[in-house]
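The listed protein sequences correspond, in order, to chains G and A.
The first sequence begins at 1 in our numbering and counts up by one.
The second sequence begins at 1 in our numbering and counts up by one.
For the record, the hints were derived by calculation from the structure and aren't laboratory data.
Among these hints, one or two may not hold up.
Treat identical chains as interchangeable: a pair holds within one or across any two.
[To be verified] Below, computed lysine-lysine pairings styled on DSSO-like, alpha-carbon distance capped at 27 Å: (1) Lys-96 / Lys-517; (2) Lys-325 / Lys-538; (3) Lys-545 / Lys-362; (4) Lys-124 / Lys-12; (5) Lys-12 / Lys-96; (6) Lys-432 / Lys-52; (7) Lys-403 / Lys-432; (8) Lys-566 / Lys-538; (9) Lys-362 / Lys-325; (10) Lys-34 / Lys-124; (11) Lys-565 / Lys-432; (12) Lys-96 / Lys-34; (13) Lys-566 / Lys-127; (14) Lys-12 / Lys-429.
In this text the structure is predicted, and so the values were computed from the model without any measurement.
Number of protein chains: 2
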Amino acid sequence: MKASHYTLSTLKETPADAEIASHQLLIRGGFIRKLASGIYNWMPMGLRVLQKIEAVIRDEMNASGAQEVLLPVVQPAALWQQSGRWQQYDDGLLLKFNDRHNRDFCFGPTHEEVITDFARTELKSHKQLPVNYYQIQTKFRDETRPRFGLMRAREFIMKDAYSFHIDDASLQTTYRLMYDTYCRILDRMQLDYRPVQADSGAIGGSASEEFHVLAESGEDLIAFSSESNYAANVETAEAIAPPRSTDAPQDLTEVETKGLGTIEEVSEFLHVAPQNTVKTLIVVGEETPLVALVLRGDHKLNPLKAEKLAAVATPLQMATDLEIKASIGCLPGSIGPIKVNIPVIVDHSALALANFICGANKDDYHLQNANWQRDCSIDSSSDLRVIQAGDPSPDGKGIIAFKRGIEVGHIFQLGDKYSKAMDATVLDKNGKAVVMQMGCYGMGVSRLVAAIIEQNNDDQGMIWPTALAPFQVLIIPINAHKSAEVAQVSETIYQQLLDLQIEVFLDDREGIRPGAKFADAELIGFPHRIVVGERGLKSGQVEYKTRREGENLELPVAEVSTYLKKVIDRELADSH
Amino acid sequence: MKASHYTLSTLKETPADAEIASHQLLIRGGFIRKLASGIYNWMPMGLRVLQKIEAVIRDEMNASGAQEVLLPVVQPAALWQQSGRWQQYDDGLLLKFNDRHNRDFCFGPTHEEVITDFARTELKSHKQLPVNYYQIQTKFRDETRPRFGLMRAREFIMKDAYSFHIDDASLQTTYRLMYDTYCRILDRMQLDYRPVQADSGAIGGSASEEFHVLAESGEDLIAFSSESNYAANVETAEAIAPPRSTDAPQDLTEVETKGLGTIEEVSEFLHVAPQNTVKTLIVVGEETPLVALVLRGDHKLNPLKAEKLAAVATPLQMATDLEIKASIGCLPGSIGPIKVNIPVIVDHSALALANFICGANKDDYHLQNANWQRDCSIDSSSDLRVIQAGDPSPDGKGIIAFKRGIEVGHIFQLGDKYSKAMDATVLDKNGKAVVMQMGCYGMGVSRLVAAIIEQNNDDQGMIWPTALAPFQVLIIPINAHKSAEVAQVSETIYQQLLDLQIEVFLDDREGIRPGAKFADAELIGFPHRIVVGERGLKSGQVEYKTRREGENLELPVAEVSTYLKKVIDRELADSH
């Protein structure tokens, strides 16, 4: 491709609304352009990368035995009503509209309903199972605050797959196969990523894992073990119960703590560490009006964990001061688990304490040397808190540290959540109708473009792996308008590379200074760059530079194409 | 691919709502499934064909120098308001909705606005021109009555391209290049098609041509010359002016025609052919309240032609009986062009008559031997009528006949319709801002799947050209469960063909009778079929049959793969 016939539209200025590297560089490099909030045009250069990523995904999905389909973007409400998600699906994310006959439809953000409807019609017998259908398709989620360019766009491209099974064992097998397939896909993209235990959120079902590309700009916080493969989204990471304190109980004492509102103030006043205090949070209950949740003073409540408790109402709702005062008789700053008149659920770490400080359920008073068995009637203990850096890893190996990640994939064991609600059955060996088990496997295709850039950039621009670069080689002729030889050698090398099936870009733009062409080269991130100049040609050489290593070599004109062919073939083989 | 790992979902029954062959066969063959009115799931088998068609289109578009982009599905109303189409675009076809912030958007049915917005931002100089951007993308048009399966679906896949030019000469060059590219694409699909002069409709602009695949089921009627390349949509085909009658004028006579309402009744009563009468239609005018349009008695008004007249209001509206009576003094059955008190526009064919019959502008009376020059004051003459079979071809060669066609492509010279409204300019050689000229080039990708079937089917099913078939070869083992040799030979041939990069499908389904497999083979239309049976194997032979010719051959097992490789390579070369 020659620049004179191509829309090479780079920008010097970083757009004001672009906060992270990938967003800035995709805009500056002329890969995408914003059309509306969270909605982007893919320009020729950007689309080439997107299509290469799609090709890798398609290749590995086909190799896994999955069958490609293409389901409609526009989905009838009736199916979403059957699954129960028409009202419930992540409030507001579902873009709904009416057609000309005033029937309800939505712009598909995901396709569980459509594929389950398809499967219940087309699949009749256990002999047709297992199957795994996938598609690569444009989706829409009406984010309140789209940002970070392709990272959290409203219109985006996703690979979604859905598998159907006669039983859980078969689901496990395909789930594992998809796990391996995702690893292969991300390996081929040369990404530094981690599979991470996750909450299955609005999609539902049981086990689920996310695939995170590690990057400072990631929106998710991930808890890692220092010594094992354990990794979990901080939102859901289990905090394990420490051993119970064996200290002998001391005398329970009431102390006045007037004017001390926070754990820190009370701890300081009483000369104890916040780790030896508990805080008691009052939330709305499912079976009783209120429920008390007790955590160690230095710990934070994890709302997802609290919501999973049967006794706690969903969504989680804190009691108001008025409700607390009316029910318990004091304000929130003085509540404690002892003799409180509502159900008490204690976090494992708080339960390990002895001789701790807690509120006295009397305004301006706390208790010292409280002990669970002696002083309290508790209803249950549970994991209620957010995991912290420095905690022991839940798998028993090493210590937890945090890193940030970009979620590029998510695999779920859905079980029968959709197939049961939508009555998707097949006949088993005995001719009995059985509800199918389902898995689902998402991958953010357009988001991957951004994630790859987050891991592959410097202050000059993007650094593409050869397998994913928009073009593999860039040729810059220096002042070709003044030197027929420069123009001719550039053209010759260009043709040689084309003949070798190498994707080459010739920057033959007139009236653009060499400096500007070099800047564009770095910005766009062509992996291999050849500069043809008069000076070098005098000794029959051109200048060769790689974008990643930045090393400069002089190459004899006659050897350029064979040299590049060898290097590129090896690079492409490495990413297979 | 093996059937045991594939969703092969054929139906014996023709679906009740499927009227044409392609719709019936796509459903029966398990290529698509209806999700909602005019909205279809693409099943694995169907998607393979769709992707092959996309690949041919992409290949030829790239070869033409066009650059692939991908524009958003969801488009902001603001752009459509700038172009003036937000209210005007083919009433109701535009699917509109609001996002969560209550901003207006639509589901893109076409992308003139988005690409013009893109071009006005990215293109600054005449040096960047000409450019031609294309995309292959899902679109939505909210048809009142979707039908014929993929032929008139609401959600569909389209290739749309948009070119930008410094002047009309450059637009002409690219338009011609696209014309040739469309011919190459349709040639490669081995279609019997015709480029046809067309009306540019809601898209606007000047010249435009449609590409029609000829088929009885086509929704469009096309006028062809018996002796030249002339072809035009009947909606827009010009009717040429016949030579004027040289008969000497006879005396004008008034005759009573009480109770005779139609041209046929009047002609019969007066013993003249309808060809020697005129009918006068009263329509709403642009500058005057009413206008009279005069046609020969046997001709039909073409509303598109009438609407193009400056004197006639758009959209075309017939005057009511009351308006006619009030203004002219008689009812519609007795109107004529002579001494009528409103502007008169006469169709060329009516103008050629002498001594004709017309209404007398007096209820129950007609005039005989009317003559234009002597009796009438006319305002202009024009081509007003629908062309008819038997008319002379407008290019002067041969006679017009009609055929039905499926519109699969449409190319337009838009001129400055969008670029002017949206202020899309570049600087010319002298540094002056110039409004760009535009072309646009659509092709119905999913509709092509249907069109190909309309031209390639018989009462057994579809007949795919090898280059577009979902799989090139089908292997059917006969009773493999009873014969290890049949199973093993089938598997060997299967592997040999895979190794030769041939797309082969092995029907290894258990519990399905051979007859049912044969029926599926014909229905799906695999171009090459190999049947492996015990009887043939005794003499080392398998049965080979082509779907199109239906010829049966015995092939030695050892030669099957090399024979097929040779045949298929030749077929694929033919469609390049």
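Against the structure, the hints:
no.	hint	result
1	Lys-96 / Lys-517	neither (46 Å within a copy, 43 Å between copies)
2	Lys-325 / Lys-538	neither (90 Å within a copy, 94 Å between copies)
3	Lys-545 / Lys-362	neither (74 Å within a copy, 92 Å between copies)
4	Lys-124 / Lys-12	between (59 Å within a copy, 16 Å between copies)
5	Lys-12 / Lys-96	neither (39 Å within a copy, 37 Å between copies)
6	Lys-432 / Lys-52	neither (45 Å within a copy, 40 Å between copies)
7	Lys-403 / Lys-432	neither (49 Å within a copy, 54 Å between copies)
8	Lys-566 / Lys-538	within (26 Å within a copy, 51 Å between copies)
9	Lys-362 / Lys-325	within (10 Å within a copy, 95 Å between copies)
10	Lys-34 / Lys-124	between (46 Å within a copy, 18 Å between copies)
11	Lys-565 / Lys-432	neither (59 Å within a copy, 45 Å between copies)
12	Lys-96 / Lys-34	both (23 Å within a copy, 20 Å between copies)
13	Lys-566 / Lys-127	neither (48 Å within a copy, 36 Å between copies)
14	Lys-12 / Lys-429	between (66 Å within a copy, 25 Å between copies)
Hint violations for this structure: numbers 1, 2, 3, 5, 6, 7, 11 and 13, all remaining hints satisfied.
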